[in-house]
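The residues making up each chain are set out below.
Number of protein chains: 2
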Amino acid sequence: MDETFGTRLRDRIRALGPLCVGVDPSRELLESWDRGDTVEGMEFFARAALEAIVGTAAAIKPQVAFFERFGSAGYRVLEQLIRDAHDADVLVVADAKRGDFLVTNNGYAEAWLAERSPLRVDAVTASPYLGVDALAPLFTLARENTRGVFVLVATSNNEGRAVQGARTPDGERVEDLVLRSIAELNQRDDGLGSVGAVIGATRDAPEFDLAHLGGPFLVPGVGAQGGSAENVARLFARCPADTVLVNVARSILKAGPERSALRDAARRWRDDLNQALA
Amino acid sequence: MDETFGTRLRDRIRALGPLCVGVDPSRELLESWDRGDTVEGMEFFARAALEAIVGTAAAIKPQVAFFERFGSAGYRVLEQLIRDAHDADVLVVADAKRGDFLVTNNGYAEAWLAERSPLRVDAVTASPYLGVDALAPLFTLARENTRGVFVLVATSNNEGRAVQGARTPDGERVEDLVLRSIAELNQRDDGLGSVGAVIGATRDAPEFDLAHLGGPFLVPGVGAQGGSAENVARLFARCPADTVLVNVARSILKAGPERSALRDAARRWRDDLNQALA
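Those protein sequence lines, which keep their order, are chains A and B.
Quick note, the first sequence lines up with residues 1 to 278 if you use my numbering.
Quick note, the second sequence lines up with residues 279 to 556 if you use my numbering.
Accuracy of the hints is not assured; some may be wrong.
[Stated by the list, open to error] To give a feel for the contact side, a few chain A residues facing chain B, derived at Cβ under 10 Å:
hint: 1; residue: Leu16
hint: 2; residue: Asp95
hint: 3; residue: Arg98
hint: 4; residue: Asp100
hint: 5; residue: Ala114
hint: 6; residue: Ser127
hint: 7; residue: Val132
hint: 8; residue: Asp133
hint: 9; residue: Gly160
hint: 10; residue: Ala166
hint: 11; residue: Arg167
hint: 12; residue: Pro169
Bear in mind the hints are in silico, worked out from the structure with no lab data behind them.
C-beta: ideal position from N, C-alpha, C; glycine also.
Between the sequences and the hints, there should be enough to build the whole structure, so can you do that?
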């Protein structure tokens, strides 16, 4: 069985548990850390967050929007965080929610998944408003480089329901269409595939049987956004626990900037998630 | 009547015509210009494209994906292009297709629309998969700063039809829901509003009456993507011509790197569009 992003992630979850820590240097968080909403404040924040979760979290999920606030200078901080995480053997999922036409998605694939790119991560999130099929360049390059793509399916915010719950002429909900498309893509792989799904912790179960995805799940919406470890356990009850990566951001990050407090907060979440998903 | 992005764009279209030139430094285009797929090649490309269209095009539309291929170094080139375009009095629409949760969209709003940002443009494209309402931080900051947001409605690629044509429980198509939401947002403004719609040139007319949008249109899909000036004229027949910005990229850029050839290609497209939309 060939290695894929799915199998790489599964190994990591087996070793460390399902916790992914969201690295979200928003203005509010930087100010609450008393470091100032500056590039230097963001550098400090990113380094502290990473150091605090090494050995506890399977992955980090930097929210690209907050780095982009500072343009190229913010991207340099993100590039450094990605390098440091690789060095520390922590997987990086860039939360970029990219999605464009086929031709343009070649650009996004090169940016986030090509070996030569300074932004090269283990997986990137993608948005299917222009169609799952249009994301093909991301899927192709991910597969070639044992990287992954997490496609937005049903997000944790209620504003998204109208679009994600709309029905195609065949009567299928958009969220189920996306899940089915992901499952088809993953059939190319022998084991757990390289294409994952983003599903918010507090969402109702889709009509598509999540046990048939053939790829990993990324689950936001836990902690400050209202979801609990129990919500996750219920939603993914029929899926192998080692395919579910659960993102927690503010509930951990607000414990900073002191590293030991951050570390303790991350461990508590890991233990809670381990227990609920066991 | 207060100035908005809509009125600023309209003034520019009245003065220069509806042409927007897509600045898309893809690997293919850079190689066809014999400049190499490098940061330096991209710098040359961006500068040449801008210089060739000053006085001819109302706006440029850099495709962020292609700049992002080079990480922070690519973003530095994009920042320089944005500055140069501002200096040359050319509007910049960043084709970023950003879209996330409410809180996260604050980050994208700061990145693309805040005065202090090195990436600050005149308008940015946004994707509504997480809901039009979730884009509120972009709309708010755009309005405050007389900047704009173009929300994806019906894109020029066929892969997007399943999602964009799906129907909500009320029987409304996703594309019509997005158009109606934009129109409601624009009612806050006296004149032409700050929220626009992206509609591909070769799409069928939506059920929502485009004449009631209250904001500008950004129209891709012309030229290399198969649409013609006549397609645009037909689709927007009921809309004021000075609210329609038409993007042409490869059909102009392939004429490079010689500036006079680029300039001639841009002028031909401007004249064609002017004639068809008059």
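Outcome of the hint check:
Evaluation of the A:Leu16 hint against chain B yields a violated restraint, the C-beta minimum of about 26 Å exceeding 10 Å. The beta carbon of A:Asp95 comes within 8 Å of a beta carbon in chain B, closer than 10 Å, and the hint placing it at the interface holds. Hint on A:Arg98 holds. Least Cβ distance to chain B is approximately 7 Å, under the 10 Å limit. Interface restraint check for A:Asp100: the shortest CB-CB distance to chain B comes to about 6 Å, inside 10 Å, so the restraint holds.
Because the beta carbon of A:Ala114 sits about 8 Å from the nearest beta carbon in chain B, less than 10 Å, this interface hint is met. A distance limit of 10 Å between C-beta atoms decides the matter here; for A:Ser127 the minimum to chain B is near 5 Å, and the interface restraint holds. Residue-level restraint check for A:Val132 holds (minimum Cβ-Cβ distance to chain B is 7 Å; threshold 10 Å). Because the smallest distance between the Cβ of A:Asp133 and any Cβ of chain B comes to about 4 Å, under 10 Å, the interface hint for this residue holds.
At about 4 Å, the closest approach between the beta carbon of A:Gly160 and any beta carbon in chain B falls short of 10 Å, and the interface hint on this residue holds. Against a cut-off of 10 Å between C-beta atoms, the interface hint on A:Ala166 holds, since the closest Cβ of chain B lies about 4 Å away. Taken as an interface hint, A:Arg167 checks out: its beta carbon lies about 6 Å from the nearest beta carbon of chain B, inside 10 Å. Look at A:Pro169: its Cβ gets to within about 7 Å of chain B, closer than 10 Å, so that hint holds up.
Checked against the numbered hints above, the structure violates only hint 1.
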